[in-house]
Structures are given as structure tokens and as C-alpha cells.
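Asker: Chains as they are written, first to last, in my numbering: chain F, 1 to 533; chain R, 1 to 219.
Please keep in mind that the hints were generated in silico from the structure rather than gathered at the bench.
The model shown is predicted, which means the values in this text are computed figures rather than measured ones.
Worth double-checking, as some hints may not be accurate.
[Unchecked claim] Which residues of chain F face chain R? A few of them, derived with a C-beta cut under 10 Å, are: (1) Met-1; (2) Tyr-2; (3) Lys-374; (4) Glu-376; (5) Thr-381; (6) Ala-382; (7) Met-383; (8) Gly-384; (9) Lys-386; (10) Ala-391; (11) Ala-423; (12) Met-521; (13) Tyr-523; (14) Asp-524; (15) Leu-529.
Every residue gets a Cβ at the ideal spot worked out from N, C-alpha and C, and that includes glycine.
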Amino acid sequence: MYILKNALRSISRSKGRNVLIGTIALVIAVSACLGLSIRQASDSARESALDSMSVTATISYDRQSMMNGMMGGGKFDRDQFQNMMGGASSLTLDEYKKYAEAESVDDFYYTLTAYLNGNDDFSPVTTDSSDSSNDNSGRFPGFPGNMMGGGMSFSSGDFTIVGYSGDNAMTEFINGVATILDGGQMFEEGTSEYSCVISEELALYNEISVGDVFTLVNPLLETEIYELTVTGIYSSSETNDFSSMMFGGGQDPANKIYMSSNALSLIIDNSEANSTTITDEDTGREQESALSSTLSATYVFDDTDGYYAFEKEVRTLGLDDSYTVSSTDLTAFENSIVPLNTLGTMAGWFLLVILLIGSVILVVLNIFNVRERKYEVGVLTAMGMKKSKVACQFVCEILVVTMVAILLGALIGAVSSVPVTNALLENQISNQSSRGDRFEENFGRPDNIGGGMGGFPSGMPSDLPGNIGGGKDFFGDMFGGAANYVSEVNSAMDLTVVLEMVGIGLVLTLIASAASVLFIMRYDPLKILANRD
Amino acid sequence: MSILALNNICFSYGKTPVLKDISYEFEIGKMYCIIGRSGAGKTTLLSLLSGLATPDSGEISYNGDDIAKIDKYTFRSKYIGVVFQSFNLLTKYTALENVVLSMDVAGYKCESKKKRALELLESVGLDEDEANRRVLKLSGGQQQRVAIARALSYDPDIILADEPTGNLDRETQSEIMEIFRNLTEKGKCVILVSHSPEVAKMCDEVYELSKTPLKKRMV
Numbered sequence: 001m002y003i004l005k006n007a008l009r010s011i012s013r014s015k016g017r018n019v020l021i022g023t024i025a026l027v028i029a030v031s032a033c034l035g036l037s038i039r040q041a042s043d044s045a046r047e048s049a050l051d052s053m054s055v056t057a058t059i060s061y062d063r064q065s066m067m068n069g070m071m072g073g074g075k076f077d078r079d080q081f082q083n084m085m086g087g088a089s090s091l092t093l094d095e096y097k098k099y100a101e102a103e104s105v106d107d108f109y110y111t112l113t114a115y116l117n118g119n120d121d122f123s124p125v126t127t128d129s130s131d132s133s134n135d136n137s138g139r140f141p142g143f144p145g146n147m148m149g150g151g152m153s154f155s156s157g158d159f160t161i162v163g164y165s166g167d168n169a170m171t172e173f174i175n176g177v178a179t180i181l182d183g184g185q186m187f188e189e190g191t192s193e194y195s196c197v198i199s200e201e202l203a204l205y206n207e208i209s210v211g212d213v214f215t216l217v218n219p220l221l222e223t224e225i226y227e228l229t230v231t232g233i234y235s236s237s238e239t240n241d242f243s244s245m246m247f248g249g250g251q252d253p254a255n256k257i258y259m260s261s262n263a264l265s266l267i268i269d270n271s272e273a274n275s276t277t278i279t280d281e282d283t284g285r286e287q288e289s290a291l292s293s294t295l296s297a298t299y300v301f302d303d304t305d306g307y308y309a310f311e312k313e314v315r316t317l318g319l320d321d322s323y324t325v326s327s328t329d330l331t332a333f334e335n336s337i338v339p340l341n342t343l344g345t346m347a348g349w350f351l352l353v354i355l356l357i358g359s360v361i362l363v364v365l366n367i368f369n370v371r372e373r374k375y376e377v378g379v380l381t382a383m384g385m386k387k388s389k390v391a392c393q394f395v396c397e398i399l400v401v402t403m404v405a406i407l408l409g410a411l412i413g414a415v416s417s418v419p420v421t422n423a424l425l426e427n428q429i430s431n432q433s434s435r436g437d438r439f440e441e442n443f444g445r446p447d448n449i450g451g452g453m454g455g456f457p458s459g460m461p462s463d464l465p466g467n468i469g470g471g472k473d474f475f476g477d478m479f480g481g482a483a484n485y486v487s488e489v490n491s492a493m494d495l496t497v498v499l500e501m502v503g504i505g506l507v508l509t510l511i512a513s514a515a516s517v518l519f520i521m522r523y524d525p526l527k528i529l530a531n532r533d
Numbered sequence: 001m002s003i004l005a006l007n008n009i010c011f012s013y014g015k016t017p018v019l020k021d022i023s024y025e026f027e028i029g030k031m032y033c034i035i036g037r038s039g040a041g042k043t044t045l046l047s048l049l050s051g052l053a054t055p056d057s058g059e060i061s062y063n064g065d066d067i068a069k070i071d072k073y074t075f076r077s078k079y080i081g082v083v084f085q086s087f088n089l090l091t092k093y094t095a096l097e098n099v100v101l102s103m104d105v106a107g108y109k110c111e112s113k114k115k116r117a118l119e120l121l122e123s124v125g126l127d128e129d130e131a132n133r134r135v136l137k138l139s140g141g142q143q144q145r146v147a148i149a150r151a152l153s154y155d156p157d158i159i160l161a162d163e164p165t166g167n168l169d170r171e172t173q174s175e176i177m178e179i180f181r182n183l184t185e186k187g188k189c190v191i192l193v194s195h196s197p198e199v200a201k202m203c204d205e206v207y208e209l210s211k212t213p214l215k216k217r218m219v
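Work out the full structure: start from the sequences and follow the hints.
Answerer: Okay, structure coming up:
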């Protein structure tokens, strides 16, 4: 007890020296607090997002792997590549359902997409010079029918008809991107009736209201018509983008028509049953008139562990290596926290450098301190105080000064860590974004490689820290994607940071006092006092 | 019965012998003076007696026990009180704190250490105001008194004092010697190291350190 009392007395009697040591420890503490807070903010943002995020995944043909396999010999064979792409088959609905039996899958849904034209009484909304004629159908030669989780056949019409397997598949309506307006309602889940919901713009453009019936036509066979009843009209915050300009009015969000997948399946089955071979007048190429469709299956998992387990389970269930499991949620999320992660890494290095430099300074100061107090050590040991107790007193002094500095540093850090972290994060995002700007300026299109995909996908919770935004469909992500980074943290310091700070304080004390202890243990009181005399 | 005994003590600094075959006994209730010319080894002998140095050969016994077998810190902090030539007080502490700290180190138990320290300081001629002054603000004579009070604080049997009157005026010198005389009357063994004939005259026994073994010279 008297050792601690002595230590406190010694601190109060040597203010200059202890203020100097305390100031250095304070600088280290504030820097450490900021560094740790940034790292903690990065980890917390990631963990809380992943914890509350239900991850979705799709199974798609692994073109990259196929291309890598082809390039393995060092020579690219275009014909072979086209044959392989043409031979790549899409998974069937039954196969998708089989993989949905995996234990890790929490939910499973799919959408069926087809493209149909309107007629004179029902035409698509056009906002630009894109030709909305019926002659915009076709396929990329050699591409498989199923490219992205369910396939991206390139048969385009005036309207995109999306058939949902169930209510849970209608992510636009669940996450608030689209809302059914008053007076209408969603079609019945799983219904086989030709009922649908259309966009507000489309309804206004064609003067259609709930209960009206309109007609859609097979773009390749004008005699093949389908009559759909409007059960509801929706408004959507989704905007027209690059994809609709590139692929025609059918890609315009306003021209999307939603219905049950069962109903759309009936249309497609009917189209296949009545298919005829037609010849293109311009190219002379023959093709079937049957409507092509895109099947997109989505698997939902509780968390990332489920997703990673699914990747293994599907292989045991028989999924070929030429297919890959991917998650746009995770990819978008990883991209969104790139600046925060970069900042976290930088903070880690900064912390390390500060600790190293700070430790060296503290060690040097303490060596000077113990040498200056050599006489005191001599007197205390001559009085019969054990060297270990003298050393303990010196350690206590450093510990008290360091801990006070750590406490002050933690208080300063608590106040400043959030604004400093956000300022640094803003700077980091600015650096990251300028890359994308330069890319777009020079290449005339958005950078989708380093800059990240668009907003978070639909499975993303809305209460995440920072500016984690709404979500677009895949086309929106792919072609419209300005990166949506985590740009703000609300809380950077928590109990973990405080405990880490205390840990740093203890380590600093140990390092700084190690030299003192070493010197004290080597001192001979007789020599000290004799030299003094 | 002797409380402290030297048996054939030899000590040298490197290859230079300082003390050779020194044997003697010190008893309770007596005041001893060790004299000798400068460099004769007086302070070295005091260091050996206080356990700060270890003899090359021979044995120092305390109450019949070899002090080499006693923990040197315990020996220094409990059994023997040392008044150094340059006092060796903690200069940033007050006189009172120096004395209390000494009791803390010794693990001395009493009702109030502060009260005892003030009484001791008063007994050596320092009032409460002086007791609460930093040591550096006290005169040489006052510092000497603080050093004596500190040596007495944990009630050791033996008091060792190195040149206790060396830097003091005649009047203070007499007062300090009076304090030591009173200690012997209270049953302490006081061993002084000095080259002052006046000091030697006031002691019960005087021993002279020379090239020959320690010689007893009756006062």
C-alpha cells in the first residue's frame, strides 16, 4: 500500500517529468483510440450488416472458368469458344428446385421473364428515340439461353413480363422500390389467371385503369395474342437507365408487367405448343416463333455461413463444375465497404507506427528518469526496501500516468473519433470515386470493375450504419452502377475499443517500465551512495 | 553479551586490501567510536556492519547469527539504523515523510506512524513546522537530526552513524552527541565513525583503524 502511496507522492512532486510522459502517452492514446475506433467501425459495419442481411445467391454458368480453361493452352480458338457457349445449357426449374432442397437454403423463389409486344391499343412508354417497333427481337449468336442465374436470352419486345413464383420473390414490392397504388391490388399468389400489375406511367400512357384488359402479342408471331387483366397499378422509384436505351423499351422500368409465374408459364407453354418456323426476311435465317423466356432462381440464406455451406452442398447434390454459385448481395456489400476497409487497414498501420514510435520515446524517457532518480533508488534500497518493491513503485508511477493519459485519450477519442472517421472516410470515398469518374470520362461508360456495383440488393436491411442504399435489379447494377459506399459511421468507439485501449496502456507501461526495472535491479546502493558522497 | 560481532573480517577493493582480520564485539548500552585517518576504511567498515557490503572473508554476527544468513533488506530495515555522512534523505519528501517511509519499509506497527514520527523529530529538536518542510529547505544540522530520527523510527537495537558531526557547528555537535548518549541510556548500541577527537572523547570505547588490526584504545 505504501508503495502506491509513494508512487502517487512521487508523481505529484515531479510534475514536469510526469506531464511530459503523460503528454506523450496522451498523444499515443488519442492516436490509438482513433485507429482502434476506425477499425472497430469497419468491423462493426461489416458484422452488423452481415448479421442482419439475408444473403441471396444464384447459380449460373461459369463462363469465366470456361474461358480460363480455353486460354490455358495459350491460344484462343473462337470457333471452339462459340461452340462451347452454344452448348452450355441452362438449368431447368426442376434442377433449381433440387438444389433448393439443400439444408442451408432458408427460402427459394424464382422469376420467369419473357418479352412481348403490345398492339395499337396498348403501346410501351418511350422516353427517348429508341425504336419500339416489333422488329427488335433477336439473340446474341452462340450465347446460351441461360446466362445469369436463370438466363438472359436476348429476345426483346416492347414489354418485359416478369412472372413471380410467390410473393417473397417480389423484392421490389417488399423493399419499397415499388408500391401498389390505391384502388388496385396484387394478383393472387401462384394464380394461373392472366392477371397482372402494371406501372403507373404505362397505365397513364395507355389510359388503362384497374379491371381493364389489354392485349400482348408474340413479337415473332402476330397472330399469337394474350389478354391480361389489370388487378393493380404500381408506382416505382426505379428510373430508366442505360440498359433500356441499349436493349429497347422493354427494359424501361415503366414497361415492366408483373404477373404470377404460373400464368406466364402457361403463356410460354402455349407459345411453344403453337410454335411455327419462320424465316427472317432480311437475313434469311430460320427460327422458331415460340416465346423465349428467362428463368432466374434465387436462394435465400439466413447468413453468409449458409451461403458458403450452400456452395458445398450443391456440389454433393450433383451440380456440375461448369456452374458457379454467386451472390450479388455479398459482392455489392464487399464493394460498398471497400473505403471503410481501406481506412481500417490504414488505421491499423498508423496504430502500429504510433505504438512503435511512442514505445521507443517512452522507453528513452524512462531510462533518463531512472538514471536521474538513481540516488533515490540507492537511498530506498539502503533503507532496506527491496529492489523489487522499488521497481514496483516505478512501474506504479508509469502505470498511473499512462492510465490517466489513456482515460483522457479515450474521452477525446470518444468525442472526435466519429467526425474524424467520417472525414477520413469521405476523403477515401472521394479518392475511390474519382477513379470511377476518370474511367467514365475516358471510356464513356461507368467503371464496374473497381468501383463496385450499384446499390445494395433487395435483401439488405435498411437500418445499416451509413448510407446503404436501396437496390436495383441486376441490369441496373450492371449498367447503371455508381458505387454506393458506406459513407458514414454513427458510432466508432465501444467497450471493445476501451478494453483495447486499456490493453495498450498496460503494454506501454510494461515496455516503458521494463528499462526502469532492469536498471533498478542492476543498481548497487553502496556504489550509488558512495559516488554521491 | 555482544549484539554485533566481527570475526576476522577482511575486505578489499579489487586487489587493494582495506580491512584485514578485524575482530570485535559491540554491546548494548554502549557508545563506540571508530577513528582512523582518511582512507583507513572507516566508512567501509560501517558499510559492512550495515549489510550494504559483504566481507571477502570472516563473519559478522547479529545476536549470534551470521548476517549473511539473514535477509539483507530485513537486516537493514529492522535491526540496524544508519545515519549516513551525507544523510541520504529523500530530498523531495518532507522530514516527516522521510521518517514515516522508513517505518513503512520496516513494516513497523504502531497506532499512528505520523504521531510517532513527529515525537521522534521533536525528540531530536525539530518542531512540527520543521517536520513538515521539504528536506532541502532544512539546514545541515536539521537534516542530520532528521536522519537520526529516521534511523530510530523503527526502533532498531543498533545505531550506526558515519561522521555524524562532520559538518556541524560546535553547539549542534554537542546536541547531536547528547542525543546519541541518551540512546545508549535507552539500551541502544551506538557505533560512530569519526576522526574528531571531541567525538571520541564522548564515547565509551574508541577503536582505531590502522594498517594493523583494529586496536582497542581506552578513552
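Asker: Check each numbered hint against the structure and report the violated ones by number, ascending.
Answerer: 3, 10, 11, 12 and 13
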